[in-house]
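Given the sequences, and given the hints that come with them, work out the whole structure.
Residue numbers (the UniProt record's numbering), protein chains in the order written: chain A, 1 to 113; chain B, 1 to 107; chain C, 1 to 235.
Keep in mind the hints are simulated off the structure, nothing from the lab. One or more hints might be untrue.
[Claimed, not checked] No more than 16 Å apart at the CA atoms, straight line, and that leaves these computed lysine to aspartate or glutamate pairs for EDC-like:
id: 1; chain 1: A; residue 1: Lys73; chain 2: A; residue 2: Asp88
id: 2; chain 1: A; residue 1: Lys109; chain 2: C; residue 2: Glu114
id: 3; chain 1: A; residue 1: Lys109; chain 2: C; residue 2: Glu130
id: 4; chain 1: A; residue 1: Lys27; chain 2: A; residue 2: Asp10
id: 5; chain 1: B; residue 1: Lys33; chain 2: C; residue 2: Glu191
id: 6; chain 1: A; residue 1: Lys110; chain 2: C; residue 2: Glu191
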Amino acid sequence: MAQFRAKKLDLGCFVNVRNIRDHTKRKVFAEHEAERQALRYIIRNTSLSQRARAQAQLQLTQMHCYTRSTQIKNRCIMGGKGRGIMSDFNMGRYQFRINALAGNIPGVKKASW
Amino acid sequence: MSVPRSRILDLAKVQCRIFSTIFNPEGLRLGNKVLRQRLKGPSVAAYYPRRVGTLKQLQKAYPGWETWDEKEEDRIEGLQVAKMRGKGAPKKKRTAAESKKLGKKKK
Amino acid sequence: MVTMIYSAPLDAKSHLPLDKATISSLDELRLPRAVYAAYLRPLRRAPQYGVPVCDLQLRSYSVRNLELFADTAMRAAYYLNLPAKGPVPLPRITERWTVPRANFIFKKSQENFERRTVRRLIQIQDGEPEVVRAWLGFLEKHQYHGVGMKANVWEWEELGCGKKMEEEAKAAAEETNGLWEGFGRRKLGPEEKVRELLNSEPFRRAMHGDAPMILPEKEGRGQEYKTPLHEVGRG
Chain A
1 MAQFRAKKLD LGCFVNVRNI RDHTKRKVFA EHEAERQALR YIIRNTSLSQ RARAQAQLQL
61 TQMHCYTRST QIKNRCIMGG KGRGIMSDFN MGRYQFRINA LAGNIPGVKK ASW
Chain B
1 MSVPRSRILD LAKVQCRIFS TIFNPEGLRL GNKVLRQRLK GPSVAAYYPR RVGTLKQLQK
61 AYPGWETWDE KEEDRIEGLQ VAKMRGKGAP KKKRTAAESK KLGKKKK
Chain C
1 MVTMIYSAPL DAKSHLPLDK ATISSLDELR LPRAVYAAYL RPLRRAPQYG VPVCDLQLRS
61 YSVRNLELFA DTAMRAAYYL NLPAKGPVPL PRITERWTVP RANFIFKKSQ ENFERRTVRR
121 LIQIQDGEPE VVRAWLGFLE KHQYHGVGMK ANVWEWEELG CGKKMEEEAK AAAEETNGLW
181 EGFGRRKLGP EEKVRELLNS EPFRRAMHGD APMILPEKEG RGQEYKTPLH EVGRG
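As structure tokens, then:
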């Protein structure tokens with residue numbers, strides 16, 4: 001959503017609409033995480049009054065979808081791909097292979113055993 | 001030898017105070033596990049590498065020093081050329097009347 | 001024995017070999033002890049009590065860099081009068097990944113990649129905390145490329161340290177006095193947020209218009225929020 005997006009591009013990797021969007025989502029999530037956790041706590045706390053808990057449920061559902069952690073998806077930092085990402089390197093499998101063969105990833109070599 | 005329940009509860013209370021945990025002898029669902037969770041935000045937000053080491057950041061870090069930004073200089077030069085040819089950006093209209101006048105003239 | 005390198009004299013007769021007497025007298029000269037030690041294995045001090053004070057783990061992808069830096073660390077420890085054990089080679093970590101060679105389909109043809117992390121452990125025994133910190137600081141300042149460091153430090157207090165700590169905490173609290181209020185990564189944690197939310201207008205209304213809940217003050221030095229919230233909620 002445009003209201004969350006950084007006014008100036010602050011990405012140093014491969015830039016793509018989807019990458020920018022995902023980056024924005026991550027930042028929004030980090031910003032609102034405390035609030036979400038607080039609401040989740042109130043909802044789960046059986047010692048609070050039922051109405052207060054219902055109120056918390058309402059507030060949680062009314063929060064923007066960008067504040068949800070499930071909206072976040074790991075994307076390739078070299079090519080923006082959304083599938084087959086290796087979480088150790090934040091890269092797609094093919095980009096990983098290219099970079100590993102080029103020696104750009106420290107310590108990673110072709111293996112044979 | 002049996003120990004009275006109240007004494008054990010006292011002990012548990014003191015234990016909770018010392019180790020900063022929640023005293024909950026009845027085992028109620030208080031949702032405290034939510035508060036105990038680590039905040040994932042900072043690590044999640046650090047997934048993509050940020051844009052660092054740009055010339056503008058350098059200029060900001062060392063305001064007294066001279067830096068040469070090729071692209072920026074080119075842009076400014078182009079703007080000057082356009083202005084000299086009379087193709088520069090129009091002057092900003094401050095009031096509604098000013099902008100209206102111009103429109104009528106054109107007609 | 002150390003091989004000596006003679007600097008050739010600059011005069012015209014430089015091609016002439018040195019006479020035997022000169023060579024033998026030059027051979028008799030020995031290097032300063034500290035320089036000579038650099039050619040030998042690192043010296044180490046014997047611990048008196050054997051109480052572990054600091055565990056330094058070095059990690060790297062290349063053995064050469066790691067060995068060199070571990071050697072440096074041992075020498076530094078010797079000259080700081082720290083009894084050091086090690087460098088103990090810890091089991092190396094091997095991570096392997098298998099990816100298809102092609103960017104699209106053709107799963108039958110794949111390629112393996114691996115990353116081997118070699119580790120060394122250096123343990124400092126019976127060291128003064130200050131000296132250990134100086135040692136760690138020295139190593140950090142002269143970090144070697146491609147070598148990561150991780151240190152576990154244990155400090156030992158004398159008896160009756162509780163009272164001392166309380167005094168120190170009081171002094172520190174007076175000194176800072178709200179100066180560090182906004183310090184730290186976690187600006188508004190879930191605990192504070194819960195309080196804020198429960199005191200907000202919709203929640204107050206939801207609690208049948210009860211008076212705003214009075215929350216207990218934070219106790220002294222405990223920075224984390226510890227009061228059981230469920231009791232607060234009932235109020």
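Problem - Violated constraints from the hint list, given by number and in increasing order - result: Hints 3, 6 are the ones this structure does not satisfy, whereas the remaining hints hold.
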